[in-house]
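Take the sequences, apply the hints, and build the full model.
Residue 1 is where the sequence shown starts when you use full-length UniProt numbering, and the numbers rise one by one after that.
In short, the hints are calculated from the structure, not lab data. Errors might be hidden in some of the hints.
[Said to hold, decoys possible] Capping the alpha-carbon separation at 35 Å, the derived lysine-lysine pairs in DSBU-like fashion look like this:
#1 Lys323 x Lys89
#2 Lys93 x Lys388
#3 Lys56 x Lys104
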Amino acid sequence: MPRRKQEPQKLQEPENKKAKEIEETDGLPEEEVTKEPIEAENGTKKEQKIKLSLPKDCGELVITGGANWSVNGRKKAKKGDEKYENAGKNLWKPHRYKSMCGIKVSRAISGCCSNHNIVITPEGKVYSWGRNECGQLGHGDRDRYDTPRPIQSLQQYTIVNASTGKNHTLCLTEGGDVFSFGDNTQGQLGLGNLSTNVPSPTRIAYHSHPLVEVACGGDFSVLLDCEGNVYSFGSPEYGQLGNNTDGQYFAKGNKIAFDNVKSAFRIPLWIEKTKGGQTIPINDVKITSIACGVNHVVALDAKKRVFTWGFGGYGRLGHSEQKDEHMPRLVQAFDRTGRGAVQVYAGYSFSLALNEMGSTLFWGLQGSVSNRDSTMYPKPVADLQGWKVRSIGCGHRHTVVAADESVICWGTGTSNGELGLGESRKSSVNPDLMKSAANLYVQRVECGQVHTLMVVRDETDKDKDALAELPVYDPKPNP
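If you want it as structure tokens, here you go:
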């Protein structure tokens, strides 16, 4: 794909602000902060009262990719789910959802290891659908749902954001509270205990400053509060909780086990490492944005620095080596004047960032395991030079970008239509235009494991005509 021909310019900062200091490119919610203290449940005082808001620009839900939620990423449905074997299908190009046609959507949410989805309306009402083996849809059961369905127990709250892991979900309210549901076998719901399934939304065990952002890894979760503190809980394997340990210990019979963290634990230390291997603490860190891969975390601070930690395989941490990091470590590539980051993203085994100059940088491995061409440190994506990137979605093996009036995608080992390039062309090594979305203005994009969700503008007659030309997906009722 040829580069966009335009004069280099500093990335324009959007209107919405989050955490008082960082301005981001993805429509993240504003927070209104007052000095009025409010009582926390444990008797301590939260220092601020906040009101988070949804992005002002909204649209209609559009999907492409694998929509057989029980089979996505597997050879066949799990035992007990055989009835879903032929339910759903691969959507090779963008489709509208019949049940959501004409319904305004502010956010569409999934994750790089997720086969379930969340949408949030401009009123803060939340819907979910997809795989539900652990109750991760929040409907009080473990039945699969193929069309978006309101989460009834959250209807009394205004939900402004959410995140999905492998089998769990976090939802953030406008007041900075978090509800979690789904798999809790490793403490990833932050409820203070371990349990197999929690199918109904439950408030997490947390009593500090109001929260402004949530992010789910495969089996762990990360929270960001309004003061720039980061908290984590769930599986500590690979050091992904950032608490200076991978949690390993010897259980009975010398079997290795992991000491799962069951409630929110504040990450206390941020570091940089010299070329000589010396570890130096960094004291002035105030985080403004977080993103999780399946086993790693990327965080952005108010000084536009990037920190990463967790599993280091294939260079996804950006430190020019594959070592795991048990504490948040500074990525040197962004610690330079004029080269700081303004947004960060995490895929299954890779990471991306937008920098101050408007460049998109990539590091890690995107594609099948047989592809050993990993990128060990942040490098600009040449094909995105000159494009004004608005939103990026990262999946298991694919990336989708909304930029200017176009949608750009790439990925290898993709086979379910997640790139929207049609059944005859399932993958693309290099960034290419999603021609099937040529007439769509995509506000925001999110990727699941093998599917892509888009919020498409529907304001003008031209927008509506473009949406009307798309095929409509109307899945059969659950068997």
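Hints and how they fare:
1. A hinted pair counts as satisfied when its Cα atoms are at most 35 Å apart, and Lys323 with Lys89 does not qualify at roughly 39 Å.
2. Between the alpha carbons of Lys93 and Lys388 the distance comes to roughly 24 Å, so the proposed pair stays at or under 35 Å and holds.
3. Among the hinted pairs, Lys56 with Lys104 is consistent with the structure: their alpha-carbon atoms are about 11 Å apart, no more than 35 Å.
Hint 1 from the list above is the single one not met by this structure.
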